Amino acid sequence: MTDRRVLTLLAAVAMGAPSSTQAQLRRQPAGAGQPKVDIVQSVGCAERRDGGAETWWLGRASDPRVSAPGAFNLKQVEEARSAALGANLFQLVGVADFLDAEGLLRTGRRAEFTSAETANASGQLQAGRKVLVKGPLVEVDGQKRINLISVISLAERCE
Amino acid sequence: MTRPAAVGLGIVVLGALAVAPTSAQSAKGAPTYNKDVAPILHRSCAGCHRPSQVAPMSLLTYQDARPWARAIKAKVRDRGMPPWFADPQYGKFANDRSLTPAEIDVLARWADAGAPQGSGPAPAPPRFSEAGWSHPSGRPPDLVIELPIDWKIQADGELPNFNLYTPLPFNETKLVAATQVLPGNFEATHHITTAVRNLPPGTVLGRGPAWPGGPITDYVPVPAKEGVQVVNTGDLAVEEDEEDGGGFGAYIPGAGVRVARPGQARTIRGDRFRYIRWNLHYQATGRPETARPSIGVWWEDGRLLNVERAARMGDQISESQPIIAGQRPRINRGAGSGVNPLLAPIPPNASNWTVTGIAAFQDDVTLWGITLHMHLRGKDVTYVLTYPDGREEVLLRVPNYDFNWQLPYEFAEPLKVPAGSTVKAIGRYDNSAKNRMNPAPNKEVYWSEQSWDDMFLTSVRYTVDKLERRSQTFTQGQGQN
Numbered sequence: 001m002t003d004r005r006v007l008t009l010l011a012a013v014a015m016g017a018p019s020s021t022q023a024q025l026r027r028q029p030a031g032a033g034q035p036k037v038d039i040v041q042s043v044g045c046a047e048r049r050d051g052g053a054e055t056w057w058l059g060r061a062s063d064p065r066v067s068a069p070g071a072f073n074l075k076q077v078e079e080a081r082s083a084a085l086g087a088n089l090f091q092l093v094g095v096a097d098f099l100d101a102e103g104l105l106r107t108g109r110r111a112e113f114t115s116a117e118t119a120n121a122s123g124q125l126q127a128g129r130k131v132l133v134k135g136p137l138v139e140v141d142g143q144k145r146i147n148l149i150s151v152i153s154l155a156e157r158c159e
Numbered sequence: 001m002t003r004p005a006a007v008g009l010g011i012v013v014l015g016a017l018a019v020a021p022t023s024a025q026s027a028k029g030a031p032t033y034n035k036d037v038a039p040i041l042h043r044s045c046a047g048c049h050r051p052s053q054v055a056p057m058s059l060l061t062y063q064d065a066r067p068w069a070r071a072i073k074a075k076v077r078d079r080g081m082p083p084w085f086a087d088p089q090y091g092k093f094a095n096d097r098s099l100t101p102a103e104i105d106v107l108a109r110w111a112d113a114g115a116p117q118g119s120g121p122a123p124a125p126p127r128f129s130e131a132g133w134s135h136p137s138g139r140p141p142d143l144v145i146e147l148p149i150d151w152k153i154q155a156d157g158e159l160p161n162f163n164l165y166t167p168l169p170f171n172e173t174k175l176v177a178a179t180q181v182l183p184g185n186f187e188a189t190h191h192i193t194t195a196v197r198n199l200p201p202g203t204v205l206g207r208g209p210a211w212p213g214g215p216i217t218d219y220v221p222v223p224a225k226e227g228v229q230v231v232n233t234g235d236l237a238v239e240e241d242e243e244d245g246g247g248f249g250a251y252i253p254g255a256g257v258r259v260a261r262p263g264q265a266r267t268i269r270g271d272r273f274r275y276i277r278w279n280l281h282y283q284a285t286g287r288p289e290t291a292r293p294s295i296g297v298w299w300e301d302g303r304l305l306n307v308e309r310a311a312r313m314g315d316q317i318s319e320s321q322p323i324i325a326g327q328r329p330r331i332n333r334g335a336g337s338g339v340n341p342l343l344a345p346i347p348p349n350a351s352n353w354t355v356t357g358i359a360a361f362q363d364d365v366t367l368w369g370i371t372l373h374m375h376l377r378g379k380d381v382t383y384v385l386t387y388p389d390g391r392e393e394v395l396l397r398v399p400n401y402d403f404n405w406q407l408p409y410e411f412a413e414p415l416k417v418p419a420g421s422t423v424k425a426i427g428r429y430d431n432s433a434k435n436r437m438n439p440a441p442n443k444e445v446y447w448s449e450q451s452w453d454d455m456f457l458t459s460v461r462y463t464v465d466k467l468e469r470r471s472q473t474f475t476q477g478q479g480q481n
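Note that the protein sequences, when read in sequence, are chains A and B.
Going left to right, the first sequence walks through residues 1 to 159 as this note's numbering numbers them.
Going left to right, the second sequence walks through residues 1 to 481 as this note's numbering numbers them.
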């Protein structure tokens with residue numbers, strides 16, 4: 001069994017839902033074969049740890065489940081609310097758009113063309129919250145990272 | 001302001017500024033047309049300023065350009081021409097037609113000196129097809145697909161955007177190296193986009209209204225008669241596939257032939273999609289007009305190295321609220337339209353309505369260019385690349401979006417991007433009276449193809465590195481022309 005299949009199977013077990021449909025939702029370009037990295041979703045606790053103000057982590061994270069590009073749907077969000085936490089730790093990158101406006105403006109060159117009034121910051125990523133995240137999962141120097149494409153806050157407290 | 005109004009104003013301004021046809025006295029050391037001016041005009045202006053194109057006057061020859069010398073000076077000095085909207089702080093683009101300060105200075109001093117021609121032979125103007133095709137090689141298309149009818153355009157009033165469908169003249173996957181859409185009537189055409197699609201579910205191609213209450217015509221999808229089995233699934237398959245049937249490109253002011261980079265091609269999925277959807281938007285000119293648009297296709301030439309794809313930005317954040325699919329119902333506002341949650345709707349007088357779309361790359365890719373499409377409320381757009389290590393890079397910023405000039409942005413140097421990267425498109429809309437383009441600041445703005453509503457279509461064109469071929473030839477049927 002390949003690593004990818006193991007990942008998908010584990011994710012299915014962890015989320016308590018069949019994964020075959022989800023796995024088929026991966027939208028790879030025609031003829032591109034298996035992707036180098038998967039887009040995954042996971043439920044966990046948003047945390048800041050060492051490494052700077054914008055270094056964010058997903059602690060007590062559920063096993064990653066292969067997901068599709070694009071927005072979460074209502075069913076996925078509702079399922080995630082009751083999903084069990086896990087034991088994974090993922091660094092979160094690409095966080096700017098999911099912080100508050102102040103956090104967004106501290107990122108890269110955003111302040112050059114964005115103001116506090118016009119920042120499209122969702123504010124969903126706040127320390128201590130239970131969140132559902134989605135993005136490509138990469139591993140660099142043994143550390144797993146999710147480059148965020150979506151963050152949904154599920155609860156004020158992570159339990 | 002509509003485009004004809006803008007062009008009309010341009011003509012008035014240019015006319016007022018035109019150089020009187022007196023003898024051209026060359027000031028000593030002044031730039032001359034033959035040596036200094038022609039290369040600039042031929043490179044940056046001739047694409048539109050030539051016969052049978054959208055621009056109101058040709059600038060191909062000295063005789064063409066000389067009467068307009070002072071107008072040229074005025075227009076280039078205020079950066080009104082050539083049209084280019086990318087912020088020079090971010091990224092460099094191969095199709096950047098904007099002039100350098102030195103080039104503007106040359107044109108200004110040439111006008112001030114009386115627009116001298118200079119000595120020696122006049123430089124040859126660039127070659128263009130008399131039929132209007134603009135392939136850089138001068139070669140005519142391998143296949144021309146014409147709309148089978150002359151569309152009649154009324155003299156007055158606002159005209160809605162509408163779709164006609166014609167059968168696709170092939171039923172296999174094709175690789176195209178270049179495409180161009182000719183409007184058949186520049187003055188009366190606002191824009192034309194094409195897509196390779198299936199008919200909407202339950203419909204057949206027939207005769208009916210072009211739009212609700214519109215003129216009766218052929219080539220529209222009409223409900224199938226009871227008992228008639230219809231074998232099509234609409235475009236549901238498009239939703240499942242990152243790259244859909246593709247299209248033959250668009251006619252929009254400022255965009256001519258769309259040519260893939262050497263060794264690249266785009267796919268047209270004739271195996272999955274049966275029709276060409278012509279999305280047509282005309283504008284009244286004050287007199288009755290007709291138009292018969294056509295599509296030119298240049299096939300891939302057998303030296304294919306990779307296939308160009310487009311990554312669309314998935315809707316994620318609208319006015320600081322995360323998008324959740326199904327949370328807000330889509331509202332059907334007519335054929336080909338619906339309320340996208342991203343613009344659901346833009347409130348009256350909102351001056352900074354902001355949306356963010358995000359795409360992710362699951363393989364190592366090379367980025368080649370950017371496309372974007374908004375309507376009259378579009379204010380600005382910024383594309384931000386986020387690498388897997390969290391670094392951000394601004395790929396493009398268009399600080400003053402202009403609906404009348406929907407230009408593609410081709411990177412001067414392709415950008416290698418590792419798997420796990422994302423691209424964000426951040427767009428803002430101005431539905432206030434401060435937006436001089438806004439036709440109705442007091443109305444809510446929905447998502448639809450109509451210009452009085454709005455859209456947010458953003459994408460990045462790329463190739464997948466692992467699919468790069470080496471010296472491999474590819475053959476395909478060429479028998480359709």
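Keep in mind the hints are simulated off the structure, nothing from the lab.
Predicted, not measured: the structure shown is a model, and the values here were computed from it.
Just so you know, not all the hints are guaranteed correct.
Using C-beta positions, here's what the derived DEER-type ranges look like [as the list claims (entries may be wrong)]: (1) N400/B <-> R106/A: 25 to 33 Å; (2) A127/A <-> R436/B: 55 to 63 Å; (3) P201/B <-> A127/A: 44 to 52 Å; (4) G326/B <-> D100/A: 39 to 47 Å; (5) V204/B <-> E102/A: 52 to 60 Å; (6) L467/B <-> L74/A: 51 to 59 Å; (7) P347/B <-> N73/A: 50 to 58 Å; (8) P347/B <-> E78/A: 49 to 57 Å; (9) E172/B <-> E102/A: 24 to 32 Å; (10) G59/A <-> R43/B: 30 to 38 Å; (11) D100/A <-> W405/B: 30 to 38 Å; (12) D78/B <-> E102/A: 48 to 56 Å.
Pairs of lysine to aspartate or glutamate, EDC-like flavour, derived with a Cα cap of 20 Å [as the list claims (entries may be wrong)]: (13) K144/A <-> E319/B; (14) K443/B <-> D364/B; (15) K152/B <-> E187/B; (16) K36/A <-> D105/B; (17) K144/A <-> E392/B; (18) K28/B <-> E130/B; (19) K144/A <-> D364/B.
For glycine and all other residues, C-beta sits at the position ideal for the given N, C-alpha and C.
Each hint, compared with the structure:
no.: 1; hint: N400/B <-> R106/A: 25 to 33 Å; result: 26 Å, holds
no.: 2; hint: A127/A <-> R436/B: 55 to 63 Å; result: 44 Å, violated
no.: 3; hint: P201/B <-> A127/A: 44 to 52 Å; result: 47 Å, holds
no.: 4; hint: G326/B <-> D100/A: 39 to 47 Å; result: 26 Å, violated
no.: 5; hint: V204/B <-> E102/A: 52 to 60 Å; result: 56 Å, holds
no.: 6; hint: L467/B <-> L74/A: 51 to 59 Å; result: 36 Å, violated
no.: 7; hint: P347/B <-> N73/A: 50 to 58 Å; result: 25 Å, violated
no.: 8; hint: P347/B <-> E78/A: 49 to 57 Å; result: 28 Å, violated
no.: 9; hint: E172/B <-> E102/A: 24 to 32 Å; result: 55 Å, violated
no.: 10; hint: G59/A <-> R43/B: 30 to 38 Å; result: 57 Å, violated
no.: 11; hint: D100/A <-> W405/B: 30 to 38 Å; result: 35 Å, holds
no.: 12; hint: D78/B <-> E102/A: 48 to 56 Å; result: 38 Å, violated
no.: 13; hint: K144/A <-> E319/B; result: 30 Å, violated
no.: 14; hint: K443/B <-> D364/B; result: 44 Å, violated
no.: 15; hint: K152/B <-> E187/B; result: 13 Å, holds
no.: 16; hint: K36/A <-> D105/B; result: 51 Å, violated
no.: 17; hint: K144/A <-> E392/B; result: 19 Å, holds
no.: 18; hint: K28/B <-> E130/B; result: 38 Å, violated
no.: 19; hint: K144/A <-> D364/B; result: 18 Å, holds
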